[in-house]
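Novice: Residue numbers (this note's numbering), protein chains in the order written: chain A, 1 to 199; chain B, 1 to 199.
Hints are computed from structural coordinates only; laboratory data are not their basis. The structure presented is a predicted model; accordingly, all values stated were derived computationally and were not measured. Hints may be right or wrong, so weigh each one.
A pair holds if it fits inside one copy or across any two, identical chains being indistinguishable in the list.
What the hints assert, rightly or not - Within a straight-line C-alpha distance of at most 25 Å, the following computed DMTMM-like cross-link-like pairs (lysine to aspartate or glutamate) qualify:
{"id": "1", "residue 1": "152", "residue 2": "191"}
{"id": "2", "residue 1": "3", "residue 2": "119"}
{"id": "3", "residue 1": "50", "residue 2": "9"}
{"id": "4", "residue 1": "50", "residue 2": "116"}
There are 2 protein chains.
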Amino acid sequence: MSKGAETRELALREALRQASVVGLNGLTIGTLADRLEMSKSGLFAHFRSKSRLQIETLDFAADRFRLHVVLPALREPAGEPRLRTLVERWLGWDTDAEYAMPGGCVFAAGSMEFDDLPDGPVRERLVAHQTDLLDSIAIMYRSGVRAGAFRKDVDPDAVAQECYGIILAHHVAARLMRNPRAREYAMATFERLLASVRT
Amino acid sequence: MSKGAETRELALREALRQASVVGLNGLTIGTLADRLEMSKSGLFAHFRSKSRLQIETLDFAADRFRLHVVLPALREPAGEPRLRTLVERWLGWDTDAEYAMPGGCVFAAGSMEFDDLPDGPVRERLVAHQTDLLDSIAIMYRSGVRAGAFRKDVDPDAVAQECYGIILAHHVAARLMRNPRAREYAMATFERLLASVRT
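Pulled out of the complex, with its shape left as it was, chain A reads as follows:
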């Protein structure tokens, strides 16, 4: 890795950590520079603007999500094993030490932060990543239908929204409410979903 790429990776990892706690809009090149003990102008040369920094932080998180959650699911057989791996890994991805999101998933928090902000490049990127994710789930459902595992009279996009609901409710139950049974309840919901879509 070149020196520039290394700095960028380090900065984005720290940016993700900060955005996870203070929100994407709380992220600034100034506080990031302080934390990394770098000059603000040096960091500015990397990112050029706050919105570029926010967008690259989202892209960085999305890359890690694909690596940690989506790809392991795609390595499982189509149908139940694939969807189960997706949901199980998704439930844990924000607490995985490697990804360092101490304030929880940046997409879940960003969804509430940007939902009523005016259109702009950061909101657009957030929507694009979430659309990709929901589409991936719908595609996994469809491959399960083709494999004969899932019912074909169920709307794959409704299943995608349902899976996202399991994750969001788990996020609130585990983080805000500190409910030790949050994960167990999330998996109970997922089992009910599976039972109702199995052929």
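Following the hints, put chain B in place on chain A, whose structure we already have.
Specialist: This is chain B only, laid out in the frame that chain A set:
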């Protein structure tokens, strides 16, 4: 209503509107005073501190939630009609003109805003209201079991977390993603939930 109570009601309605858009932590007595064209000191006499204002705004929202969502559900027969009324009214309550939350449900947004903030009176009140709400759903489930409508081998608290997931995913799909089918998908999930808990 006394003059004082009227001012308070007016102020809390506007505070709820603002908190819905900028978040509970974005709420300040100063911006509220500007918007209401009142003196900051006059408003301060009503609320004393920012955290009191935030707490009273949450209490105000919770009262309205009970009135608009929980009580109409409790007027329905135990079991499916009651749970259905709860979910249907809950899906619409943040867009009901009377309650004026242009930025969406203050509890849903507050859950992501306060999840990793340190303990304090506002976070505690938010958790208390959410606990009340989840408990109400679990109680509705139990009354459905007693009425013979719902299975007794399902954990009522898991059903409560599942219902909350339906609402949160709808919030993101409708507000961030602007998906016109968000409500339809939410109801499809709810129908699957009902099918799996019916006796």
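Novice: Reference check for the pair residue 50 and residue 116, CA-CA at most 25 Å: within, between, both, or neither?
Specialist: Close inside one copy (19 Å) and across copies (23 Å); limit 25 Å.
Novice: Check residue 50 against residue 9 for me: Cα-Cα at most 25 Å, and say if that holds within a copy, between copies, both or neither.
Specialist: So residue 50 and residue 9 pass the 25 Å test inside one copy only (17 Å; across, 39 Å).
Novice: Up to 25 Å between alpha-carbons, please classify residue 152 paired with residue 191: within, between, both or neither.
Specialist: both (18 Å within a copy, 17 Å between copies)
Novice: From the Cα coordinates, with 25 Å as the cut-off, is the pair residue 3 and residue 119 best called within, between, both, or neither?
Specialist: neither (35 Å within a copy, 41 Å between copies)
In this structure, the one hint that does not hold is number 2.
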